[in-house]
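Put chain B on the given structure of chain A with help from the hints.
Below are the chains, spelled out letter by letter.
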Amino acid sequence: MLLFLMRRLMQGLIVMFVISIISFSIQDNLGDPLRELVGQSVSEAEREKLRDEMGLNDPFLTQYTRFMGKALQGDLGQSYFFKEPALDVIFAKMPATLELVFAASLIIILVSIPAGVYCAIRPNSWLTRLILGFSILGISVPVFLTAIFSIYLFSIELGWLPSYGRGELVPVIGGWESGLFTKDGLLHLILPAISLASIMLPLFIRLIRSEMSEVLHTEYVKFAKAKGLKKARIYFLHALKNTMLPVITVGGVQIGTMVAYTILTETVFQWPGMGFLFLEAVNRVDTPLIVAYLIVVGAIFVVVNTLVDLLYGLINPTVRLARSAS
Amino acid sequence: MSELIANAPVDQGSPAVTMRMGRWDRFRNSVFWYSFTRDKVAMVCALVFALFVGAALLAPILAPTNPYDLSTIDIMDSEIPPVWAEEGDERFLLGTDDQGRDLFSTILYGMRISLAIGLFAVLLQAFLGIVLGLTAGYFGGRIDSFLMRVADIQLSFSTMMVAIIVLAVFQASFGSELYSKLAMFMLIMVIGIAEWPQYARTVRASVLAEKKKEYVEAARVMGFGAGRIMFRHILPNALSPILVISTVQIANAIISEAALSFLGLGMPVSQPSLGSLISSGFEYIFSGSWWITVIPGMVLVVLVLVLNLLGDWLRDVLNPKLYKG
Chain A
1 MLLFLMRRLM
11 QGLIVMFVIS
21 IISFSIQDNL
31 GDPLRELVGQ
41 SVSEAEREKL
51 RDEMGLNDPF
61 LTQYTRFMGK
71 ALQGDLGQSY
81 FFKEPALDVI
91 FAKMPATLEL
101 VFAASLIIIL
111 VSIPAGVYCA
121 IRPNSWLTRL
131 ILGFSILGIS
141 VPVFLTAIFS
151 IYLFSIELGW
161 LPSYGRGELV
171 PVIGGWESGL
181 FTKDGLLHLI
191 LPAISLASIM
201 LPLFIRLIRS
211 EMSEVLHTEY
221 VKFAKAKGLK
231 KARIYFLHAL
241 KNTMLPVITV
251 GGVQIGTMVA
261 YTILTETVFQ
271 WPGMGFLFLE
281 AVNRVDTPLI
291 VAYLIVVGAI
301 FVVVNTLVDL
311 LYGLINPTVR
321 LARSAS
Chain B
327 MSELIANAPV
337 DQGSPAVTMR
347 MGRWDRFRNS
357 VFWYSFTRDK
367 VAMVCALVFA
377 LFVGAALLAP
387 ILAPTNPYDL
397 STIDIMDSEI
407 PPVWAEEGDE
417 RFLLGTDDQG
427 RDLFSTILYG
437 MRISLAIGLF
447 AVLLQAFLGI
457 VLGLTAGYFG
467 GRIDSFLMRV
477 ADIQLSFSTM
487 MVAIIVLAVF
497 QASFGSELYS
507 KLAMFMLIMV
517 IGIAEWPQYA
527 RTVRASVLAE
537 KKKEYVEAAR
547 VMGFGAGRIM
557 FRHILPNALS
567 PILVISTVQI
577 ANAIISEAAL
587 SFLGLGMPVS
597 QPSLGSLISS
607 GFEYIFSGSW
617 WITVIPGMVL
627 VVLVLVLNLL
637 GDWLRDVLNP
647 KLYKG
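Going line by line, the protein sequences match chains A and B.
If you use my numbering, the first sequence corresponds to residues 1 to 326, in order.
If you use my numbering, the second sequence corresponds to residues 327 to 651, in order.
Next up, chain A with everything else stripped away, as it sits in the complex (with noise of 0.2 angstroms):
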């Protein structure tokens, strides 16, 4: 167990090594940080004097060492734009992402689970026809579009549901201020969660439909019913519980892929969220806020990839015994 965690740990600071050059190439290319300090009206040769002095002028490594020396210490620079810290601005903005993600992922386990379950118990009825016949139509429609044609529907034609934004909102513990806990707050994140769930949704519950089944045809869940166990029992404690394990592994493959998308969702509905952030700082070409956010967002997978895969190593114990005779 403890080399599976080494190896994983390794992999994970592996590709954070990758992805810290990679944002410092970006830094290093994108931009002028001069011209952004000191516009268009200095000389030629004070302009060299002044790389001199920043260090731009310094071998490739030097300059990365100095920027993940700085970076260590949560210094990604200021932001163009917002003339503070670009690493504040993002985590500023993060509640509000981890809130729609939050709420997103609470849809999808609520609806995906029963749903799956159901088309598994049950092949043939007509309602497993019908989940089924959604969650194809749900594959392929792109995320954005769920979103723009419920913003037509429920806002713009019937009027119920607001379209944009995050509504009110109430500070909670330091600089989290949630729009979770207000009627108006609400309102404003049923669209955006409902459009971010809507794309994960058909694949989980075409996954655990298809895992359930798999695994309701094993000798171990034909012993419970000869024994006589209730049905609701052997399917929700005993089936289920195998069917979970790939689910998790997926699902936490999906958190990633669920970050992305939420750059989609946000700039649909205006969501002030850090991938509506990320967007803006690209066409302001705001490049400490760019890196700021790669890393972060960088960080934010390969943790959750490293946390899911310790915790199917902790309830499998088949993965923990084979990787540590390999």
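Any given hint might turn out to be false.
Unchecked claim - Example chain B residues on the side facing chain A (calculated, C-beta under 8 angstroms, incomplete):
1) V374
2) L384
3) S482
4) F483
5) S484
6) A494
7) V495
8) Q497
9) A498
10) I581
11) I604
12) W616
13) G623
14) V630
15) L635
Unchecked claim - Computed list of chain B residues with no C-beta within reach of chain A, every gap over 10 angstroms:
16) A385
17) L450
18) K538
19) N563
20) P594
Derived by calculation from the structure, the hints in this document are not laboratory data.
For each residue, glycine too, the CB sits at the ideal point set by N, CA and C.
Chain B only, in chain A's frame:
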């Protein structure tokens, strides 16, 4: 394809009979064709997809106006609703977009771009994935574990994320003027490179199964080189899973392209794909011009849905033990 033909149910006659049948007859006797003619959904989907491809190929002939020709566009014609609406104009079947372009023509041309990007991106994916997957599966050992580790890591970062970041950085460093000229090439490259692990894993899985069979041993004993065995002997037997994922991959590539164009990182408004058309109409949806967004949106959904259904059907027919996930 040899597997498909080998599975043919009627094809039980003596070798002489089989020899006399042409390729077309053998195809018509195959399981593949048999199940196709008995599956209404698959037939409808194939028909719709053929219609889409035909319309995209013949766009310059079918389209009443050329949306790229600025001289035929009149800004006074902008935002005219489709014919069936009250203020519709019979010159414009599906209405016009915000710049006064005929929406029907623009959708035809846009579909052409979306399909082209989808196809070429998947060709690139398939090329990279097949070469790397064959290499990993055939040689095994360190090459295999290295390539698969890289594939794992690349898959853990979603395609969308990688594509958004790469394109955003390129756009910021090129400037949007130059970028819009290179957009199509960039989209194909990014979507093509980001998804190779899908193919590589599938190909590797079939290579591992094929490698142990006797015909591979025989080829090796006859002294054929690794390259020849990989591409001429193993690859033809690993084609059916490749065929299955290709349909779904094209659908995914089209969705990715649309999403990237929607974010403004893809095709420019002057040469819109379905995604950029949807994006340009989105601003006008609040003022009531729903058709600029909704009609191309529906076209996109039907195109992708048809491909996904065909992919599902292929998976059921060929039923290879696919890599899950």
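Structure-based check of each hint:
1. Among the interface hints, the one on B:V374 is violated; its C-beta lies about 13 angstroms from the nearest C-beta in chain A, farther than the 8 angstroms criterion.
2. A hinted interface residue such as B:L384 counts as satisfied when its beta carbon comes closer than 8 angstroms to some beta carbon of chain A; here the least separation is about 25 angstroms, so the hint is violated.
3. The restraint placing B:S482 at the interface with chain A holds, with a minimum CB-CB distance near 5 angstroms, inside the 8 angstroms limit.
4. For B:F483, the interface hint holds, since its Cβ comes within 8 angstroms of a Cβ in chain A; the closest pair sits about 6 angstroms apart.
5. A cut of 8 angstroms between beta carbons decides the hint on B:S484: the least distance to chain A is about 4 angstroms, and the hint holds.
6. Contact between B:A494 and chain A, as hinted, is supported at the beta carbon level, the nearest pair being about 4 angstroms apart and thus within 8 angstroms.
7. A distance limit of 8 angstroms between C-beta atoms decides the matter here; for B:V495 the minimum to chain A is near 6 angstroms, and the interface restraint holds.
8. At about 7 angstroms, the closest approach between the beta carbon of B:Q497 and any beta carbon in chain A falls short of 8 angstroms, and the interface hint on this residue holds.
9. Checking B:A498 against chain A by beta carbon gives a least distance of about 5 angstroms; that is within 8 angstroms, so the hint holds.
10. Hint on B:I581 holds. Least Cβ distance to chain A is approximately 5 angstroms, under the 8 angstroms limit.
11. Proximity of B:I604 to chain A holds as hinted, the smallest CB-CB distance being about 7 angstroms (cut-off 8 angstroms).
12. Taking 8 angstroms as the C-beta cut-off, the interface hint given for B:W616 holds, the closest approach to chain A being about 6 angstroms.
13. A hinted interface residue such as B:G623 counts as satisfied when its beta carbon comes closer than 8 angstroms to some beta carbon of chain A; here the least separation is about 5 angstroms, so the hint holds.
14. Because the beta carbon of B:V630 sits about 4 angstroms from the nearest beta carbon in chain A, less than 8 angstroms, this interface hint is met.
15. A cut of 8 angstroms between beta carbons decides the hint on B:L635: the least distance to chain A is about 7 angstroms, and the hint holds.
16. Remark: the non-interface label on B:A385 is consistent with the geometry, its nearest Cβ contact in chain A lying 22 angstroms away (cut-off 10 angstroms).
17. The beta carbon of B:L450 is kept farther than 10 angstroms from every beta carbon of chain A, the shortest such distance being approximately 21 angstroms.
18. Every CB of chain A is more than 10 angstroms from the CB of B:K538 (nearest about 20 angstroms), matching its label as outside the interface.
19. Listed as a non-interface residue, B:N563 keeps its Cβ farther than 10 angstroms from every Cβ of chain A; the least gap is roughly 26 angstroms.
20. Taking the minimum C-beta to C-beta distance to chain A, about 15 angstroms, the non-interface status of B:P594 holds against the 10 angstroms cut.
Violated hints, listed in ascending order, are 1, 2; each of the other numbered hints is respected by the structure.
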